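There are 2 protein chains.
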Amino acid sequence: MPSNLSEERKISYLEDLKTLLRIPSVSTDPAFKADILRGAQEVSKQMLSAGLQNVEIFETAGHPIVYGDYLVDPSLHTVLVYGHYDVQPADPLELWHSPPFEPTIRDGMIFARGATDDKGQFLCHLKAVDGLLKDEGTLPVNLKIMIEGEEEVGSPNIAPFLAEHKERLKADVLVISDTAMYAPGHPSLIYGLRGLTYHQIDLQGADGDLHSGYFGGAVPNPADELSKILAQLRDSHGKVLIPGFYDEAEDMTVSERQAYASLDFKNETLAQAVGVNRLNPEDGYNGLESRTARPTVEVNGLLSGYTGKGAKTVLPAHAMAKVSCRLVPHQDPVKISQLLEAYIHELCPDSMKCQVTHIQANPPWITDPNHPTLEAAAQAVRNFYGKEPVRVREGGSIPIMDDFQRVLGLPGVLLGLGLSDENLHAPNEHFRVENFYKGIELIKELYRALAQATEL
Amino acid sequence: MPSNLSEERKISYLEDLKTLLRIPSVSTDPAFKADILRGAQEVSKQMLSAGLQNVEIFETAGHPIVYGDYLVDPSLHTVLVYGHYDVQPADPLELWHSPPFEPTIRDGMIFARGATDDKGQFLCHLKAVDGLLKDEGTLPVNLKIMIEGEEEVGSPNIAPFLAEHKERLKADVLVISDTAMYAPGHPSLIYGLRGLTYHQIDLQGADGDLHSGYFGGAVPNPADELSKILAQLRDSHGKVLIPGFYDEAEDMTVSERQAYASLDFKNETLAQAVGVNRLNPEDGYNGLESRTARPTVEVNGLLSGYTGKGAKTVLPAHAMAKVSCRLVPHQDPVKISQLLEAYIHELCPDSMKCQVTHIQANPPWITDPNHPTLEAAAQAVRNFYGKEPVRVREGGSIPIMDDFQRVLGLPGVLLGLGLSDENLHAPNEHFRVENFYKGIELIKELYRALAQATEL
Numbered sequence: 179m180p181s182n183l184s185e186e187r188k189i190s191y192l193e194d195l196k197t198l199l200r201i202p203s204v205s206t207d208p209a210f211k212a213d214i215l216r217g218a219q220e221v222s223k224q225m226l227s228a229g230l231q232n233v234e235i236f237e238t239a240g241h242p243i244v245y246g247d248y249l250v251d252p253s254l255h256t257v258l259v260y261g262h263y264d265v266q267p268a269d270p271l272e273l274w275h276s277p278p279f280e281p282t283i284r285d286g287m288i289f290a291r292g293a294t295d296d297k298g299q300f301l302c303h304l305k306a307v308d309g310l311l312k313d314e315g316t317l318p319v320n321l322k323i324m325i326e327g328e329e330e331v332g333s334p335n336i337a338p339f340l341a342e343h344k345e346r347l348k349a350d351v352l353v354i355s356d357t358a359m360y361a362p363g364h365p366s367l368i369y370g371l372r373g374l375t376y377h378q379i380d381l382q383g384a385d386g387d388l389h390s391g392y393f394g395g396a397v398p399n400p401a402d403e404l405s406k407i408l409a410q411l412r413d414s415h416g417k418v419l420i421p422g423f424y425d426e427a428e429d430m431t432v433s434e435r436q437a438y439a440s441l442d443f444k445n446e447t448l449a450q451a452v453g454v455n456r457l458n459p460e461d462g463y464n465g466l467e468s469r470t471a472r473p474t475v476e477v478n479g480l481l482s483g484y485t486g487k488g489a490k491t492v493l494p495a496h497a498m499a500k501v502s503c504r505l506v507p508h509q510d511p512v513k514i515s516q517l518l519e520a521y522i523h524e525l526c527p528d529s530m531k532c533q534v535t536h537i538q539a540n541p542p543w544i545t546d547p548n549h550p551t552l553e554a555a556a557q558a559v560r561n562f563y564g565k566e567p568v569r570v571r572e573g574g575s576i577p578i579m580d581d582f583q584r585v586l587g588l589p590g591v592l593l594g595l596g597l598s599d600e601n602l603h604a605p606n607e608h609f610r611v612e613n614f615y616k617g618i619e620l621i622k623e624l625y626r627a628l629a630q631a632t633e634l
Numbered sequence: 179m180p181s182n183l184s185e186e187r188k189i190s191y192l193e194d195l196k197t198l199l200r201i202p203s204v205s206t207d208p209a210f211k212a213d214i215l216r217g218a219q220e221v222s223k224q225m226l227s228a229g230l231q232n233v234e235i236f237e238t239a240g241h242p243i244v245y246g247d248y249l250v251d252p253s254l255h256t257v258l259v260y261g262h263y264d265v266q267p268a269d270p271l272e273l274w275h276s277p278p279f280e281p282t283i284r285d286g287m288i289f290a291r292g293a294t295d296d297k298g299q300f301l302c303h304l305k306a307v308d309g310l311l312k313d314e315g316t317l318p319v320n321l322k323i324m325i326e327g328e329e330e331v332g333s334p335n336i337a338p339f340l341a342e343h344k345e346r347l348k349a350d351v352l353v354i355s356d357t358a359m360y361a362p363g364h365p366s367l368i369y370g371l372r373g374l375t376y377h378q379i380d381l382q383g384a385d386g387d388l389h390s391g392y393f394g395g396a397v398p399n400p401a402d403e404l405s406k407i408l409a410q411l412r413d414s415h416g417k418v419l420i421p422g423f424y425d426e427a428e429d430m431t432v433s434e435r436q437a438y439a440s441l442d443f444k445n446e447t448l449a450q451a452v453g454v455n456r457l458n459p460e461d462g463y464n465g466l467e468s469r470t471a472r473p474t475v476e477v478n479g480l481l482s483g484y485t486g487k488g489a490k491t492v493l494p495a496h497a498m499a500k501v502s503c504r505l506v507p508h509q510d511p512v513k514i515s516q517l518l519e520a521y522i523h524e525l526c527p528d529s530m531k532c533q534v535t536h537i538q539a540n541p542p543w544i545t546d547p548n549h550p551t552l553e554a555a556a557q558a559v560r561n562f563y564g565k566e567p568v569r570v571r572e573g574g575s576i577p578i579m580d581d582f583q584r585v586l587g588l589p590g591v592l593l594g595l596g597l598s599d600e601n602l603h604a605p606n607e608h609f610r611v612e613n614f615y616k617g618i619e620l621i622k623e624l625y626r627a628l629a630q631a632t633e634l
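Each protein sequence line maps, in turn, to chains A and B. 179 is the number of the first residue of the first sequence in the working numbering; add one for each residue after it. 179 is the number of the first residue of the second sequence in the working numbering; add one for each residue after it.
Hint data in this document are derived by calculation from the structure and do not stem from the laboratory. Some hints here could point you the wrong way.
Identical copies look the same in the list; a pair holds intra-copy or inter-copy alike.
Said to hold, decoys possible - Here are the computed lysine-lysine pairs in the BS3-like style, where the Cα-Cα straight-line distance is at most 27 Å:
{"id": "1", "residue 1": "211", "residue 2": "348"}
{"id": "2", "residue 1": "348", "residue 2": "223"}
{"id": "3", "residue 1": "188", "residue 2": "348"}
{"id": "4", "residue 1": "417", "residue 2": "513"}
{"id": "5", "residue 1": "513", "residue 2": "487"}
Quick caveat: nothing in here was measured; it's all calculated off a predicted structure.
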């Protein structure tokens, strides 16, 4: 179904998206602090222009949270929308075909860091509000929207914010658009997300870098030792080797595996899409199950010694790895981090000083795939796309799903408007402009469907 | 024995060393091409000021070679001196306590990249010539000095240069000062050097970096796979696991091991000196044997994914390692490189594109520890230091020793003036100023002793 937005609105909405994308609101790096603040101000400005009320920028212990609402009638359902204006770092910069913070349209896609994760997606909600208020003068639900600035660093200040503003944020359902559709033109409803633990491992050998000729073979080499440790994190069957890792990990249910099996997923198609010869899923699971519903451990970064051109015969003093785990219900991220740290220390020879730094820890999240809120969202998809959405879990983490469930007791709907090939967290991130326009219309349908649901 | 250089000469010689050290003549990085040329010009200038004749800068296919000589009488022995004015890269820059190319004196040491490797050492020869010509009006031998600019990148143009200038370079013995003394005040004569092969390993997984949440557990991770490969290069007993690696490796002789055993070497002392809890020498060998007379493989560098502050949940597309082997007689570096490459490809799973780039390959070198040239050098050490030099092998590589032996048929003397704790190839490289002055006097003694040797 084509978007029925007017050309005038399309042009103006796309300009507003570009304005957001020009702000390098990288949350993990303190160098971008001022840009984060500019990001929050721009969100607040666009909330006001959409017609939201009570718009306010709330300071937190970290980056600010922007809030706005439109309260029609206490008898209507109340929907709380969550999004984030912060983005991942853009490096490696040299791999971008256009600068990450100069949004560029090519082949119907808008390229910029944050395009699909999550500026393009949360903006669909603001523009749905804008359209509904302009065309109908009101909304079918009471709407509360909060857009935060620390999603990419684990949302450390959301739980305190929810606790402090419990009354203000009171709602019947939480809606988030920060995931991907199952396939172009085929939305999915996500009923589970993996948790995350993220660590930095530092191995220190000698006091300083040494000449590898003079000392090699006698002095312990942290790059060698780190490799040996990392090699023992996961075996060739995709099984994580950290002792106790699977103890609390709940396997997929029989009905889930049947639902997954009914999808047209093929390992070969995903392998081809990302440019590898073959996937390496966990034994006994296909690629879709492995990447969404099975826990894993990954090396996210490596640095040691000489990495420039040519040769430098150095025996490095230091080696560093970034290592993360993706978790499934009911693995506890804090416990998994402790298991990982203990295992690393057990593997590390006593010739090395070894430090494991805990950077991030977020629990997994799961809900009933047949919850009434998901049924309402499915109705919205049927109304707009004329087809049944796919119900699957997703492999990424939205750290605050657990907070909303725990602190506010809210059921959640994850209705993604992006696609998984849009290079989120990678160079050349993009968002299909058509899906931006369609996303705005789909969100209007979602508000209507939630309004009509008897039970939420 | 204190140096008997006049204060005036000390000051002037040290200034000349500083001038050399201010030039960032890094040979491996094309960005320093102009500095390499400035380095060659400064060496040529200092040769002329020392009184050398026929001074000339010879172009090569790479960086130039500077030559000068002083030919007294055809009936005297002819000594060929070799050194290098190029240096290793200075990074990581942030670990230097003073800038690498602003020579700084602290605690009786001069700190700068190249201070001990090899600018401070070859300059002792130029200053010995300067002193002898000023004080005695002549030299006890015919002297030829060549200082090259590509030692740190494997001296690819020395063999052709030797072949082309065979007549000009004709000599009875080769002298090189580019190694370390055994201990402060206790020079060593090096009769063996390890060879070197240096490689870059590149593993490519997906076409681009991916979100580790969306794809982790299903898409092969090159940082994981690289770690698994590197972990299989050397076992926990210090044995290299590359098939065929030891086939041509000659073990130390019984008399060599006895000579090594008679030295006061202790693993604990070396461990303490470099700041590690313990060494990890090859099983059956102590640290001195392992670092000088046993072959090994080392990881010199690692790079993959995100290496900045905080967390970036990326599944890297690419992972890189620099890997080198140190070789002993009679391992063939080209063959060893081929064995390494074949082994890497064998270990690499078919989910990765794997490339092994050969960067450097130099043969090991060994000579008779009792050769007449070493006896003459020992006499010089006795004359100046009043003690017997230690005769050992060294673990580094001087790529051209094999070229001089093969092309010119020259026996070699390696009389080092540095110390192994002077951070060569590492941050805060330095050279003891006292050893610079003493080195100049010791070299004069060496020329005299070589002049008196009946057979060379």
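Checked hints:
no. : hint      : result
1   : 211 x 348 : neither (30 Å within a copy, 67 Å between copies)
2   : 348 x 223 : within (24 Å within a copy, 82 Å between copies)
3   : 188 x 348 : neither (33 Å within a copy, 82 Å between copies)
4   : 417 x 513 : within (18 Å within a copy, 37 Å between copies)
5   : 513 x 487 : between (41 Å within a copy, 24 Å between copies)
The structure is inconsistent with the numbered hints 1 and 3, although it conforms to all the rest.
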